[in-house]
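*Asks:* Construct all of the structure, not just a fragment, from the sequences and the given hints.
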Amino acid sequence: MALRLRNTRLTLRYEDDLRLFRSYHMRVAMAALVIGFALFPIVFNNDFWLSVLTFAGIYAIGAIGLNLLSGYTGQVSLGHAFFLGVGAYTAVWAGRNEVPFLAWLLLAAVVGGLLGAAIGPFALRLRGVYLVIITLGLVFVGLHLFRNWTSLTGGGAGTAVLAGVSIGPLDFNRLELLGSTFTRNQGWFWLVWALVAVAALLAKNMARTRPGRAMQAVRDRDVAASVIGVSLVRYKVAAFAVSSMYAAAAGGLLGTFRQFVAPQQWDLLLSIEFIAIIILGGLGTIFGAILGAVFIRGVGNLVEQFSHHLPFVAGTAAGDGVITVFALNQIIYGLLIILFLVFEPLGLAALWLRLKAYFKAWPFSY
Amino acid sequence: MHQLTRSLPGRLLAAMFALALLAAACGNGDDGDDTTQATPSPDATPGEPEPVPGFDGTTIRVGVVTPLSGPAAIIGLPLTAGNRVWFEHVNAQGGIAGRYRIEMVEADNQYIADETITQYNRIKSDVVMFAQILGTPPTQAVLPLLRQDNIVASPASLDADWVREQNLLPIGGPYQIQMINGADYYLRTEGSTDSVICAMIQDDPYGAAGLEGLEFAAGELGFEITTVARYTAGDQDFTGQLSQLRDNNCEAVFLVAIPSDSVRIWGAAATLGYAPRWLGQSPTWLTAFAGGDLAPYLEENLWIIAEGAEWGDESVPGMAEMIEHQEQYAPDQEPDIYFVFGYAQARAVTAVLERAVELGDLSREGIIAAMNDLDRLEFEGLSGDYPWGPPEERDPPRESSIFGVNADRPAGLEGLEINFASDAARAFEFD
Amino acid sequence: MTKFLQLLSSGVALGAIYALVCLGFVIIYKATGVINFAQGAFVVVGAFLVFNFTQTWGLPFYPSILLAMAVMAVIGVVVERLILRRMVGQPVFAVILVTFGLLIVMEHGANAIWGYTLLPVGDPWGLRTVALGDVMVRVIDLWRVTLGAVVLGAFFLFFRYSRMGVAMRATAFDAEAAIAQGISARRVFALSWAIAGVVAVVAGVLLAGGGRGVDVSLGFIALRALPAMILGGLDSPGGSVVGGLIIGVTEVMTAGYINPAYGDIVGQNFHVVMPYIVMILIMMVRPYGLFGTKEVVRI
Numbered sequence: 001m002a003l004r005l006r007n008t009r010l011t012l013r014y015e016d017d018l019r020l021f022r023s024y025h026m027r028v029a030m031a032a033l034v035i036g037f038a039l040f041p042i043v044f045n046n047d048f049w050l051s052v053l054t055f056a057g058i059y060a061i062g063a064i065g066l067n068l069l070s071g072y073t074g075q076v077s078l079g080h081a082f083f084l085g086v087g088a089y090t091a092v093w094a095g096r097n098e099v100p101f102l103a104w105l106l107l108a109a110v111v112g113g114l115l116g117a118a119i120g121p122f123a124l125r126l127r128g129v130y131l132v133i134i135t136l137g138l139v140f141v142g143l144h145l146f147r148n149w150t151s152l153t154g155g156g157a158g159t160a161v162l163a164g165v166s167i168g169p170l171d172f173n174r175l176e177l178l179g180s181t182f183t184r185n186q187g188w189f190w191l192v193w194a195l196v197a198v199a200a201l202l203a204k205n206m207a208r209t210r211p212g213r214a215m216q217a218v219r220d221r222d223v224a225a226s227v228i229g230v231s232l233v234r235y236k237v238a239a240f241a242v243s244s245m246y247a248a249a250a251g252g253l254l255g256t257f258r259q260f261v262a263p264q265q266w267d268l269l270l271s272i273e274f275i276a277i278i279i280l281g282g283l284g285t286i287f288g289a290i291l292g293a294v295f296i297r298g299v300g301n302l303v304e305q306f307s308h309h310l311p312f313v314a315g316t317a318a319g320d321g322v323i324t325v326f327a328l329n330q331i332i333y334g335l336l337i338i339l340f341l342v343f344e345p346l347g348l349a350a351l352w353l354r355l356k357a358y359f360k361a362w363p364f365s366y
Numbered sequence: 001m002h003q004l005t006r007s008l009p010g011r012l013l014a015a016m017f018a019l020a021l022l023a024a025a026c027g028n029g030d031d032g033d034d035t036t037q038a039t040p041s042p043d044a045t046p047g048e049p050e051p052v053p054g055f056d057g058t059t060i061r062v063g064v065v066t067p068l069s070g071p072a073a074i075i076g077l078p079l080t081a082g083n084r085v086w087f088e089h090v091n092a093q094g095g096i097a098g099r100y101r102i103e104m105v106e107a108d109n110q111y112i113a114d115e116t117i118t119q120y121n122r123i124k125s126d127v128v129m130f131a132q133i134l135g136t137p138p139t140q141a142v143l144p145l146l147r148q149d150n151i152v153a154s155p156a157s158l159d160a161d162w163v164r165e166q167n168l169l170p171i172g173g174p175y176q177i178q179m180i181n182g183a184d185y186y187l188r189t190e191g192s193t194d195s196v197i198c199a200m201i202q203d204d205p206y207g208a209a210g211l212e213g214l215e216f217a218a219g220e221l222g223f224e225i226t227t228v229a230r231y232t233a234g235d236q237d238f239t240g241q242l243s244q245l246r247d248n249n250c251e252a253v254f255l256v257a258i259p260s261d262s263v264r265i266w267g268a269a270a271t272l273g274y275a276p277r278w279l280g281q282s283p284t285w286l287t288a289f290a291g292g293d294l295a296p297y298l299e300e301n302l303w304i305i306a307e308g309a310e311w312g313d314e315s316v317p318g319m320a321e322m323i324e325h326q327e328q329y330a331p332d333q334e335p336d337i338y339f340v341f342g343y344a345q346a347r348a349v350t351a352v353l354e355r356a357v358e359l360g361d362l363s364r365e366g367i368i369a370a371m372n373d374l375d376r377l378e379f380e381g382l383s384g385d386y387p388w389g390p391p392e393e394r395d396p397p398r399e400s401s402i403f404g405v406n407a408d409r410p411a412g413l414e415g416l417e418i419n420f421a422s423d424a425a426r427a428f429e430f431d
Numbered sequence: 001m002t003k004f005l006q007l008l009s010s011g012v013a014l015g016a017i018y019a020l021v022c023l024g025f026v027i028i029y030k031a032t033g034v035i036n037f038a039q040g041a042f043v044v045v046g047a048f049l050v051f052n053f054t055q056t057w058g059l060p061f062y063p064s065i066l067l068a069m070a071v072m073a074v075i076g077v078v079v080e081r082l083i084l085r086r087m088v089g090q091p092v093f094a095v096i097l098v099t100f101g102l103l104i105v106m107e108h109g110a111n112a113i114w115g116y117t118l119l120p121v122g123d124p125w126g127l128r129t130v131a132l133g134d135v136m137v138r139v140i141d142l143w144r145v146t147l148g149a150v151v152l153g154a155f156f157l158f159f160r161y162s163r164m165g166v167a168m169r170a171t172a173f174d175a176e177a178a179i180a181q182g183i184s185a186r187r188v189f190a191l192s193w194a195i196a197g198v199v200a201v202v203a204g205v206l207l208a209g210g211g212r213g214v215d216v217s218l219g220f221i222a223l224r225a226l227p228a229m230i231l232g233g234l235d236s237p238g239g240s241v242v243g244g245l246i247i248g249v250t251e252v253m254t255a256g257y258i259n260p261a262y263g264d265i266v267g268q269n270f271h272v273v274m275p276y277i278v279m280i281l282i283m284m285v286r287p288y289g290l291f292g293t294k295e296v297v298r299i
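Residue numbers (our numbering), protein chains in the order written: chain F, 1 to 366; chain Z, 1 to 431; chain C, 1 to 299.
Since the hints were made in silico from the structure, they are not lab data. Check before you lean on any hint, since a few could be wrong.
As the list claims (entries may be wrong) - Just a few of them, taken from the derived set where beta-carbon distance is under 7 Å, the chain C residues facing chain Z:
#1 52
#2 138
#3 153
#4 211
#5 216
#6 217
#7 267
Stated by the list, open to error - Ranges of calculated distance between the beta carbons of each label pair, as one might list FRET restraints:
#8 262(C) x 224(Z): 20 to 28 Å
#9 269(F) x 299(Z): 32 to 40 Å
#10 269(F) x 187(C): 45 to 53 Å
#11 323(Z) x 85(C): 52 to 60 Å
#12 57(C) x 58(Z): 46 to 54 Å
#13 4(C) x 269(F): 32 to 40 Å
#14 26(F) x 431(Z): 36 to 44 Å
#15 45(F) x 429(Z): 38 to 46 Å
#16 359(Z) x 57(C): 52 to 60 Å
#17 334(Z) x 90(C): 40 to 48 Å
#18 334(Z) x 357(F): 54 to 62 Å
#19 268(F) x 293(C): 24 to 32 Å
#20 268(F) x 331(Z): 36 to 44 Å
#21 26(F) x 359(Z): 39 to 47 Å
For each residue, glycine too, the CB sits at the ideal point set by N, CA and C.
*Replies:* What follows is the structure in structure tokens.
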């Protein structure tokens with residue numbers, strides 16, 4: 001055992017701490033994930049679970065952005081739904097003008113980023129809960145805009161999203177690869193989770209380098225950070241811009257996957273869902289944002305699969321039972337959120353790290 | 001052994017394996033049978049429909065995606081109960097075509113568009129068609145998927161957009177028709193073309209559809225819409241909108257709203273002493289209003305524009321039959337206009353399925369063919385009959401009914417004029 | 001002028017309702033530093049309880065309110081005891097999310113018990129009105145304003161003169177120092193949740209009364225009330241009343257004057273965003289609300 005010390009996960013050099021993938025094992029794990037990603041839609045070609053996971057992936061992209069803002073920089077925002085809407089309507093515009101996929105995705109991110117930067121200055125003036133509620137105002141102003149800008153958004157009636165998702169010869173709506181044709185849900189699963197990987201790597205790269213350290217300094221004590229030379233103006237505004245870029249890209253994907261958007265969709269509940277994702281996943285971790293998105297989008301559906309079998313529950317809206325399965329599903333969902341946070345307030349990522357630490361020191365863990 | 005359990009890849013593989021088991025377990029659904037692989041029942045004779053997704057040779061399954069929890073369940077629950085009572089009646093007669101039991105697969109979308117897509121994907125391979133998708137936004141959300149999967153759904157929404165859709169089976173006269181007939185009735189009774197006619201609408205597609213009908217009626221019948229007051233769902237106070245209507249001396253106000261808002265709008269109007277003739281579209285009404293504090297004001301000032309007959313009016317054959325079935329299969333059901341809609345909707349679904357069995361094909365393509373093959377959807381007076389056919393031949397019913405408020409009647413509504421179609425409504429074209 | 005006064009009276013009454021909802025938010029924020037997202041559900045459950053006592057059990061109206069207050073106080077304490085107490089010292093946003101989970105559980109739990117239809121609370125006010133000159137004032141609006149003032153007054157006296165109230169202020173100011181002085185922080189937290197439950201019954205009855213009835217959508221008012229709370233300052237009961245009045249009057253006046261005249265320019269239903277615009281403008285000038293405590297920023 002002692003001879004293997006060199007290969008264990010003890011960090012020996014400072015550079016190791018800064019690496020994207022810290023160890024050989026991590027690289028192997030990544031390879032396994034890539035294989036799983038490639039095979040999953042083929043092995044489980046089930047439209048329900050593929051669409052659930054595609055939604056989860058899209059939410060994960062937006063949540064990674066929010067986590068950069070809230071988890072790393074400490075600026076909690078309820079305005080995320082607005083930027084998702086901005087991205088979706090960019091996709092609407094792109095669909096009408098036949099802009100290619102990568103171009104509109106980039107455009108959505110840029111538009112979102114510029115608008116996000118414009119919110120930055122508010123964050124310089126306000127803190128904590130007050131900032132939260134101001135960004136909530138943004139959601140309502142956005143809803144008003146979306147409802148009244150009829151030529152673009154279709155007003156309250158909504159509009160179809162026809163933006164394309166082709167990269168070169170690959171059309172992800174109807175993927176033809178190696179002589180096989182894949183369904184829309186399969187194609188989208190690959191597209192979205194590949195984008196999740198790109199988004200996560202970009203974010204991770206930002207978080208582990210100079211800007212990331214500056215952002216965390218702003219989070220922990222912004223006044224102290226500015227005293228030692230971190231520009232608050234620059235990093236708070238940049239954090240808002242980057243987070244909004246992620247949100248707008250996710251919004252564009254969300255609208256395009258759904259193929260139809262209406263203004264009331266970009267409401268406060270959507271913002272709250274994103275906050276829930278990053279808190280449940282674990283603030284200040286990229287990985288947590290992804291776990292949180294899968295949890296929030298997936299757990300309700302899991303509950304649905306099993307709650308039918310409980311004894312006192314009516315399986316249909318008219319059946320005999322103390323409570324219908326539909327009301328019960330919602331109650332269980334709420335209870336899961338509460339229980340989870342009571343037992344692990346730091347989120348899924350913390351749970352994962354704790355498990356990892358446990359096994360790392362095995363059999364001497366305590 | 002340590003090496004395997006301790007290494008990260010090992011744990012990840014184990015985790016992935018667990019995840020795969022979970023996904024496999026879920027993928028099979030809780031019914032435990034995969035309908036796509038079901039074998040025909042042994043006594044199947046040639047000419048009977050082949051087993052397809054949603055049909056195992058003996059039982060036909062239809063999907064229902066509707067709000068069964070949350071605030072919108074107040075509409076989703078009675079509507080689904082209406083579906084169920086009709087299908088139970090069909091099953092008591094031996095089932096579709098006297099042979100195949102029909103079963104509903106219910107899914108709760110909480111009236112959220114994204115959730116509708118997820119639930120649609122969850123049950124679509126277990127059903128031959130969707131007997132109900134409630135509301136305009138959820139229907140819009142699944143429409144691209146219906147087209148892609150070639151599945152038929154019946155929307156519980158009176159939007160005019162559905163008329164020409166290959167994959168939809170709408171019933172009832174659209175909101176536009178309700179407004180036109182309401183305007184016609186008003187002008188024939190209390191009002192004249194010189195009356196000050198106004199509207200108060202919820203600012204969304206539902207309100208826009210109502211306003212479109214009223215504007216058409218204005219052109220056809222020769223009156224002017226003086227004022228349109230708008231509000232959004234969730235507004236807490238309506239004094240501003242009501243004083244706008246009163247300042248313009250509105251004598252008749254057409255209201256497009258949902259019950260939790262309409263009750264406060266009428267309540268505020270009553271206390272302000274403002275009493276125009278209110279004409280509310282069918283979704284403004286709840287039976288409970290007839291028993292509340294507002295009842296005297298509403299009896300005096302409100303007409304509801306809806307379809308079909310008064311609850312319990314045995315002179316209408318469809319209603320007499322419905323009451324009989326309701327007393328048998330859902331004796332606790334309170335009188336409710338959404339129940340009637342759901343019941344009528346299930347009749348239309350049954351008509352499509354019976355034809356599909358006749359043609360010997362319950363596949364998705366078979367159901368579309370069967371639907372296009374019908375000449376007319378008939379409701380025996382519960383709703384206007386719907387001349388049917390391929391999408392371009394469909395012609396929504398132009399009949400509406402006007403109800404006054406009367407607390408002594410079962411649903412709180414008393415028929416003033418039943419199932420009439422104005423010339424203006426007949427002139428309205430759907431494209 | 002009549003129109004103006006009519007709108008003003010409605011705006012003030014709406015503001016009083018906002019203020020009552022906000023007071024529930026403020027009391028918990030002041031004691032624990034948490035925004036309780038479940039406050040809307042407290043309002044809904046409080047009103048459902050009153051329905052249950054007056055209609056199902058046939059009790060008279062006012063005793064029913066007192067009984068509902070007692071039950072809600074117990075629910076508040078139980079929630080604090082079972083859930084929130086375990087969250088003490090945890091990141092504040094995790095606690096806020098817990099209250100969001102609580103909102104889901106309570107709303108759907110209320111639906112499972114009382115169903116989905118509109119139910120009457122059995123209030124004696126109904127649709128009665130009083131004429132003040134040309135202005136018709138609803139009796140329930142007078143109650144809204146009066147009870148809003150009473151609850152605020154009670155808060156003031158409680159915090160100023162009662163032992164427990166002073167203890168709550170001390171705990172809010174510095175929990176550790178308060179504990180060192182022998183104040184039981186646990187009792188303070190439990191009490192603040194109980195008070196929030198009691199205030200929610202008052203808000204719920206005044207919302208559901210006047211012919212409206214109670215269903216889960218009653219809780220939506222909590223979101224509309226947030227700007228009022230922020231405007232007044234999160235930790236100031238007096239501020240939430242002033243904030244409520246400003247937002248209520250702004251909303252009704254915008255619907256009455258700006259919407260009809262300028263709706264085509266500023267967009268339809270401008271009254272929905274106007275409160276937020278007012279809020280944002282005021283916050284730019286006073287970042288801690290009108291009456292909120294300014295945080296001291298240390299390095």
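*Asks:* For each hint, tell me whether it holds in the structure or not.
*Replies:* Against the structure, the hints:
1. 52: Status violated, d = 16 Å.
2. 138: holds (5 Å)
3. 153: violated (24 Å)
4. 211: holds (4 Å)
5. 216: With a closest approach of 5 Å, the residue 216(C) hint holds.
6. 217: holds (5 Å)
7. 267: It is violated, given that the least Cβ distance between residue 267(C) and chain Z is near 10 Å, above 7 Å.
8. 262(C) x 224(Z): 20 to 28 Å: About 22 Å separates the Cβ atoms of residue 262(C) and residue 224(Z), which means 20 to 28 Å holds.
9. 269(F) x 299(Z): 32 to 40 Å: Between residue 269(F) and residue 299(Z), where Cβ atoms are some 38 Å apart, the hint holds.
10. 269(F) x 187(C): 45 to 53 Å: violated (35 Å)
11. 323(Z) x 85(C): 52 to 60 Å: Taking Cβ atoms as reference, residue 323(Z) and residue 85(C) lie about 55 Å apart, which means the hint holds.
12. 57(C) x 58(Z): 46 to 54 Å: holds (49 Å)
13. 4(C) x 269(F): 32 to 40 Å: holds (36 Å)
14. 26(F) x 431(Z): 36 to 44 Å: violated (60 Å)
15. 45(F) x 429(Z): 38 to 46 Å: holds (44 Å)
16. 359(Z) x 57(C): 52 to 60 Å: Since the Cβ atoms of residue 359(Z) and residue 57(C) sit about 58 Å apart, the hinted range of 52 to 60 Å holds.
17. 334(Z) x 90(C): 40 to 48 Å: Holds - the Cβ-Cβ distance for residue 334(Z) and residue 90(C), about 46 Å, lies within 40 to 48 Å.
18. 334(Z) x 357(F): 54 to 62 Å: Distance hint for residue 334(Z), residue 357(F) holds at roughly 58 Å.
19. 268(F) x 293(C): 24 to 32 Å: holds (26 Å)
20. 268(F) x 331(Z): 36 to 44 Å: holds (42 Å)
21. 26(F) x 359(Z): 39 to 47 Å: violated (60 Å)
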